[in-house]
Amino acid sequence: MRTRTNIATGLAQVYLALVLLFLYVPIFTMAAMAFNSSPLYELPFQFDLVWFKELAGNDRLIRAGTNSVILAVANTVIATALGTAAALAFSRYSFRGRRVMQLLLLPPITIPWLVIGTAMLVFFYWTFPSLGLSPRGLHSILLGHVALSLPYVIIVVGARLTDFPKSVEEAAATLGATPWQTFWRVSAPIIAPGVVAAALFAFATSFDQFVISYFLAPPGVTTLPVEIYTSIRKGFTPEINAISTIIIAVSMSIMLITARFYKFGGER
Amino acid sequence: MSEVRVVDCDKRYGRVAALDGVTLTFVNGEFFGLLGPSGSGKTTLLRAIAGFIELDRGRVLLDGDDIGHVPVHRRDIGMVFQNYALFPHMTVFDNVAFGLSVRKMAADEIKRRVDEILGLVRLSGLQERKPRQLSGGQQQRVALARALVTRPKVLLLDEPLGALDKHLREEMQVELRRIQREVGITTIFVTHDQEEAMTLCDRIAIMNQGGIVQIGPPLEVYEHPINRFAAGFLGVANFLEGRVASVSGGEARVDLTLGGQAVAAADGFKPGDAAVLAVRPEKIGIEAGQGGAGVNRLDGTVTGAVFSGSSTTYRVQVGDQTLAVFQQNAAPRRFEVNDPVTLHWSSEHNVPVAP
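Line order of the protein sequences matches chains Z and H. Quick note, the first sequence lines up with residues 1 to 268 if you use this note's numbering. Quick note, the second sequence lines up with residues 269 to 623 if you use this note's numbering.
Be aware that one or more of the hints could be misleading.
What the hints assert, rightly or not - Simulated restraints on C-beta separations:
#: 1; chain 1: H; residue 1: Arg280; chain 2: Z; residue 2: Phe183; range: 26 to 32 Å
#: 2; chain 1: Z; residue 1: Val19; chain 2: H; residue 2: Pro305; range: 50 to 56 Å
#: 3; chain 1: Z; residue 1: Arg92; chain 2: H; residue 2: Lys434; range: 51 to 57 Å
#: 4; chain 1: Z; residue 1: Ala89; chain 2: H; residue 2: Ser306; range: 24 to 30 Å
#: 5; chain 1: Z; residue 1: Asn6; chain 2: H; residue 2: Glu384; range: 54 to 60 Å
#: 6; chain 1: H; residue 1: Pro305; chain 2: Z; residue 2: Val115; range: 50 to 56 Å
#: 7; chain 1: H; residue 1: Asn351; chain 2: Z; residue 2: Ala81; range: 25 to 31 Å
#: 8; chain 1: Z; residue 1: Val19; chain 2: H; residue 2: Ser392; range: 49 to 55 Å
#: 9; chain 1: H; residue 1: Thr571; chain 2: Z; residue 2: Ala89; range: 55 to 61 Å
#: 10; chain 1: Z; residue 1: Arg92; chain 2: H; residue 2: Gly553; range: 54 to 60 Å
#: 11; chain 1: Z; residue 1: Trp126; chain 2: H; residue 2: Pro305; range: 56 to 62 Å
#: 12; chain 1: Z; residue 1: Lys166; chain 2: H; residue 2: Lys434; range: 27 to 33 Å
What the hints assert, rightly or not - Stretch by stretch, here's where chain Z covers chain H in the computed footprint (C-beta under 8 Å, at least three residues):
#: 13; segment: 335-342
#: 14; segment: 350-356
#: 15; segment: 362-376
#: 16; segment: 413-419
Just so you know, these hints were derived from the structure itself, not from any lab. Just so it is clear, CB atoms sit at the ideal spot from N, CA and C, and this is done for glycine as well.
Let the sequences and hints guide you as you build the complete structure.
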């Protein structure tokens with residue numbers, strides 16, 4: 001029996017290792033090439049920081065990167081705040097049409113981005129000019145990103161709220177806590193891990209977003225994914241690897257730090 | 269000294285009346301049980317006293333002050349919820365200290381009060397645990413300590429023992445009563461468990477369909493239920509139907525539909541009236557053999573016997589009705605299914621109830 005379980009465990013470990021290899025080898029190769037001096041990805045590997053220096057001088061990529069970061073941060077703040085409020089409303093109040101509205105959250109997740117992007121572009125062309133706004137620009141991209149990330153935020157925070165019964169808040173009230181005290185001392189700490197996870201989703205949704213940004217960006221304004229796409233079409237250098245390496249390093253650090261603090265919704 | 273009064277309370281949800289003209293007084297220091305099936309309005313009444321529900325009509329008075337429009341957090345109540353509703357992210361100490369800390373009490377005073385109350389509920393030493401590290405019974409005690417530490421005027425208990433297993437439940441009933449006596453707080457207890465209500469409460473109110481059926485000490489309600497619902501909900505009752513044959517000397521003779529006669533208190537009966545008598549299973553004696561129906565005496569056949577350790581409950585077929593008969597296992601003989609038997613009881617155990 002014992003050898004049998006050992007074999008099973010061994011196989012499981014090999015399998016897991018293969019899956020991780022499959023996921024990470026391309027990423028590590030990509031990152032390694034950022035430190036290789038050859039512009040044509042030629043081996044043997046020669047350590048060099050030349051592509052990072054080049055990157056520092058590449059205004060287009062830097063500007064696109066700045067745009068992406070600004071958009072992602074703004075989107076995170078707006079979508080997390082609105083989504084958390086909506087999730088609270090869904091779980092704490094009953095009102096006419098609540099179930100229908102909750103169901104309507106799901107389709108946008110499954111509709112292809114291309115379709116949503118086209119729809120938004122058309123809609124913004126109709127409406128924005130009458131508001132005195134240009135139909136394309138960072139503001140339209142931001143609006144698009146918020147609309148895309150909202151369902152994710154509501155679902156993630158909502159999942160946290162379902163195993164947080166209303167009676168916990170009621171108990172705080174019977175103990176003399178004002179609604180304000182109840183929110184900050186009871187509700188907020190309990191849903192915090194869900195809100196942080198939702199914020200990460202919102203950040204990633206915006207930072208990764210290509211299709212909608214591409215459709216809604218006016219000439220001359222780009223985000224990082226759009227700029228990388230454009231560069232790749234024109235023939236590219238390992239600068240792309242350099243900036244991708246930076247992005248991966250930053251996002252992995254954020255993930256690890258959050259996971260360290262919150263154990264991803266596990267702890268109550 | 270605190271007394272809670274609810275006067276003429278109505279609450280409707282759509283077309284259903286959750287509370288329908290309920291008036292009740294909970295006197296100082298008593299342990300009062302609200303008992304009824306689900307949907308009877310007991311929880312609605314408790315939540316209206318707590319302030320979670322706005323009444324359509326009626327008043328809630330705490331020591332004479334109308335608190336109907338006072339928000340929950342200023343009502344000065346303690347409440348224990350069915351699922352305890354402990355704060356999962358706080359330690360036992362912080363859970364219990366919460367009510368004091370929102371009142372901006374000094375830290376050393378908070379510590380003194382929390383330690384004292386944790387001693388009362390016998391949880392000293394668990395201050396630093398998180399709720400998920402506690403057993404159900406311990407969580408229950410934390411919830412109780414948290415509700416009592418602010419020294420509220422009234423303690424509201426919403427089926428607080430419902431989630432515990434039978435053994436722990438009985439242990440907590442004793443604890444709950446001890447703590448309530450020591451603190452001397454007016455306590456309103458909601459339960460659908462009639463045995464628990466009888467064990468714990470000084471007085472109970474039986475509720476049904478948003479109204480109060482009967483109020484009184486458990487013994488009185490048990491021995492003198494006013495109608496079929498009260499008799500059937502609190503304990504088990506056999507209902508004997510019949511027609512009053514004669515009334516004399518404060519006694520009514522009732523011809524039973526099942527045969528024979530029963531003698532009960534006259535209770536405003538006139539000859540010819542329809543009557544329903546409730547007889548508790550433990551008041552009925554059971555003997556072997558059939559000697560014909562008589563006064564407070566019926567013949568029947570055993571159709572079932574449920575053995576439960578100290579006692580046995582027989583189902584006895586009499587005419588077209590099945591009666592429950594309860595026998596202590598000290599009795600000289602036991603009966604089997606299909607045994608012919610005679611049932612007999614005394615007149616004082618025929619309780620006339622409203623049909």
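What are the numbers of the hints that this structure violates, sorted from low to high?
-> 3
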